[in-house]
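Listed below, chain by chain, are the residues.
Number of protein chains: 2
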Amino acid sequence: MAYYVGIDLGGTNIKAGVVDSEGKLINKLSIKTHAERSMEEIIHDMGKLAKDAIEDAGMNISDVEAIGIGSPGTPDNMEGLLVYSSNLPFNNAPMRKLIREVIDLPVYIDNDANCAAMAEAVAGAAKGTKDSVTITLGTGVGAGVIVNGRIYSGFNQAGSEFGHTVLVSGGLQCKCGRKGCFEQYGSASALARMTQEAADANPDSLLNEVIAEQGHANAKVAFIAMRRGDKKAEEVLETYMDYLADGLANAVNTFMPEVLVIGGGVCNEGDPLLIPIKEKTMSRPYFGPGVRKTEIKLAQMGNDAGIVGAAMMGMTCAIDGINGK
Amino acid sequence: MAYYVGIDLGGTNIKAGVVDSEGKLINKLSIKTHAERSMEEIIHDMGKLAKDAIEDAGMNISDVEAIGIGSPGTPDNMEGLLVYSSNLPFNNAPMRKLIREVIDLPVYIDNDANCAAMAEAVAGAAKGTKDSVTITLGTGVGAGVIVNGRIYSGFNQAGSEFGHTVLVSGGLQCKCGRKGCFEQYGSASALARMTQEAADANPDSLLNEVIAEQGHANAKVAFIAMRRGDKKAEEVLETYMDYLADGLANAVNTFMPEVLVIGGGVCNEGDPLLIPIKEKTMSRPYFGPGVRKTEIKLAQMGNDAGIVGAAMMGMTCAIDGINGK
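Those sequence lines, one after another, are chains A and B. Under my numbering, think of the first position of the first sequence as 1, with each following residue one higher. Under my numbering, think of the first position of the second sequence as 1, with each following residue one higher.
For reference, chain A alone in the conformation it holds in the complex (with noise of 0.2 Å):
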């Protein structure tokens, strides 16, 4: 068993893991980011990290192949750089380089979205399958595509921005630009909004209640005051999960994945929310007659993801003979 060390780079925290080459996470540990740091400092101890996660593994840094590392923002990973980050201060930083001044091992380096998809096709939701998107509904639409086993992020390493691709053109404006992003009406802060919308248009729904319970208005509100009863909460839901089913299909349609992954925190309503988005988005690809469809299922592999994807990452990098030192 071959074994990598992923990284997870986060605004708040770093974390770091041993895991091997199935996907099993050994071990793993934290520390805060403290991103008001220089990036020098900040990218030292993240070298440090990984050297400690291999000690606490009871493991020596010969026994790891490489360094995996998911970060927010966008990586070149040829070059070992993290081009920009708008949350942290890398700018061109010279991650690869300076990891290595710690750890003497090859360094990857690709976007967080990224990594949790990869966690997800090697073993999560989509474990056993070479093609798979996983869809990630937080304050943006996330998106990850693993093509043949590996990352596919487009020749500038920019990713695949499905979160921001258009769906009602001409529609709300999105914070990328454009109008009408996928974003802007698949997203949880979406369903947060449509729920707002609804509230203040019908003083007497629930949803002022259940919006006042929760000091504001989330993406759990909606399905509160439905379980509750109240119609208005219904018809906002239908709403959202109308738009959302339309990105989803449109996310089939273009890649035509084996599974299509679902995460982010609004998944947890489960089946209120997942039996509807499965029948709407699969009553609309384009299958031809005898295609096999795409399935869609939860993502599993929750808090770790990060970790587990960026050591996968690592690990596919280092099999396809990718410079990393």
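Hints are not guaranteed to be accurate.
DSS-like cross-link-like pairs, simulated, lysine-lysine; straight-line CA separation at most 27 Å [unchecked claim]:
1. A:Lys280 / A:Lys231
2. A:Lys293 / B:Lys179
3. B:Lys175 / A:Lys293
4. A:Lys179 / B:Lys51
5. A:Lys232 / A:Lys280
6. A:Lys179 / B:Lys280
Restraint-style ranges between C-beta atoms, simulated for each label pair [as the list claims (entries may be wrong)]:
7. A:Asp52 / B:Gly138: 55 to 63 Å
8. A:Ser283 / B:Pro203: 35 to 43 Å
9. B:Glu79 / A:Asp204: 40 to 48 Å
10. A:Gly149 / B:Lys325: 20 to 28 Å
11. A:Lys175 / B:Gly177: 27 to 35 Å
12. B:Glu79 / A:Gly138: 49 to 57 Å
13. B:Lys130 / A:Asp56: 37 to 45 Å
14. B:Gly177 / A:Pro203: 34 to 42 Å
15. B:Gly177 / A:Gly138: 28 to 36 Å
16. B:Asp52 / A:Gly138: 53 to 61 Å
17. B:Lys175 / A:Gly128: 32 to 40 Å
18. A:Ser38 / B:Leu172: 48 to 56 Å
19. B:Glu79 / A:Lys175: 44 to 52 Å
20. B:Asp271 / A:Gly215: 32 to 40 Å
If you are wondering where the hints come from, they were derived from the structure by calculation, not from laboratory data. Every residue, glycine too, gets a C-beta built ideally from N, C-alpha and C.
Starting from the known structure of chain A, fit chain B onto it as the hints suggest.
Frame of chain A, contents of chain B only:
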């Protein structure tokens, strides 16, 4: 130099030619399809045409490595079948087996839109790139996706049905069953429809005159009327190009190809279409700071795209060791 035969199967004609490994077409032959015939007769003729093309090029079967077939419909390249085609009498047609009864070479099958994309990637507008997307604007919107030098058509080989991604949620009914597909807004047929609608709504517009000249509203009418100074024609084109650019920008954000190739008769309009389309499209995708941008180019392979692309698809399958026997 290695040689391959490409067969371009269409509803009207069957074309075949010998192509070298750099995508250069050595010769080509063409016969009528006579689609009213039985599947066996048509496939037999395809095999015979391949044989004739080799002889016509002054070569022997042993000089050729493999045969690639580009066909409308859904192929199963693993089993060597054409699963389904809407315009031809093929239903799980054992294409590989029947062709090999006529000519003893490995036989590979893929969709014609995918083969066109392969032709552009090897020898046309996307030559020298690994990741490209070719979008053809015709009756529908066809898309072929090349990832890492190979056709990407999903786990089920159903292809990238990018024309059937929703661009206008709840919009115009598409023949695929969905509402608001890109195809309904970005195809040449869509432009013809918008032209007719504007002509009907504006009896004084020159659009009506040009429609009478052309015999019906086609995709050329608005361009001709615009050149004669018609304001309504300009508006129609502005609307059409806004939708088209939205769809093309979706393709860029989704695939981040090095080159996005656009083809189809409407592209013959040249600069009046291309200049605004490039400007509109490239102002929309999401490129982070420091990220290399996709280039938009016109298709270059013309009528030979089918033969060359099929042959090059056959080449990549042979190189990858896919069983074609």
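Now for the hints, and whether the structure bears them out:
For the given pair, A:Lys280 sits about 20 Å from A:Lys231 by alpha-carbon distance, which is consistent with the 27 Å threshold. With a C-alpha separation of about 20 Å, the suggested pair A:Lys293 and B:Lys179 falls inside the 27 Å cut-off, and the hint holds. The straight-line distance between the Cα atoms of B:Lys175 and A:Lys293 is roughly 19 Å, inside the 27 Å bound, and the hint therefore holds. Note on A:Lys179 and B:Lys51: the hinted pairing is violated, with a Cα-Cα distance of about 54 Å set against a maximum of 27 Å.
This hinted pair checks out: A:Lys232 and A:Lys280 have alpha carbons roughly 20 Å apart, not beyond 27 Å. A hinted pair counts as satisfied when its Cα atoms are at most 27 Å apart, and A:Lys179 with B:Lys280 qualifies at roughly 13 Å. Restraint check, A:Asp52 to B:Gly138: a C-beta distance of roughly 59 Å satisfies the suggested window 55 to 63 Å. With their beta carbons about 42 Å apart, A:Ser283 and B:Pro203 fall inside the hinted range of 35 to 43 Å.
Restraint check, B:Glu79 to A:Asp204: a C-beta distance of roughly 60 Å breaks the suggested window 40 to 48 Å. Under the hint 20 to 28 Å, the C-beta atoms of A:Gly149 and B:Lys325, about 26 Å apart, fit the expected range. Checked against the hint of 27 to 35 Å, the C-beta distance between A:Lys175 and B:Gly177 comes to roughly 32 Å, which is consistent with it. Between B:Glu79 and A:Gly138 the beta carbon distance is about 41 Å. The supplied range of 49 to 57 Å is therefore violated.
Checking the proposed 37 to 45 Å range against B:Lys130 and A:Asp56 shows it holds: the Cβ atoms sit about 40 Å from each other. The hint said 34 to 42 Å for the Cβ distance between B:Gly177 and A:Pro203, and at roughly 39 Å that hint holds. For B:Gly177 and A:Gly138, the hinted distance range of 28 to 36 Å is satisfied, since their beta carbons lie about 30 Å from each other. Between B:Asp52 and A:Gly138 the CB atoms are about 59 Å apart, so this pair conforms to the stated range of 53 to 61 Å.
The given range of 32 to 40 Å is respected by B:Lys175 and A:Gly128, whose C-beta atoms sit roughly 35 Å from each other. Judged by the Cβ atoms, the range 48 to 56 Å given for A:Ser38 and B:Leu172 holds: they are separated by roughly 54 Å. Between B:Glu79 and A:Lys175 the Cβ separation comes to about 46 Å, which falls inside the hinted range of 44 to 52 Å. Against the hinted window of 32 to 40 Å, the Cβ-Cβ separation of B:Asp271 and A:Gly215 comes to about 56 Å, which falls outside the hint.
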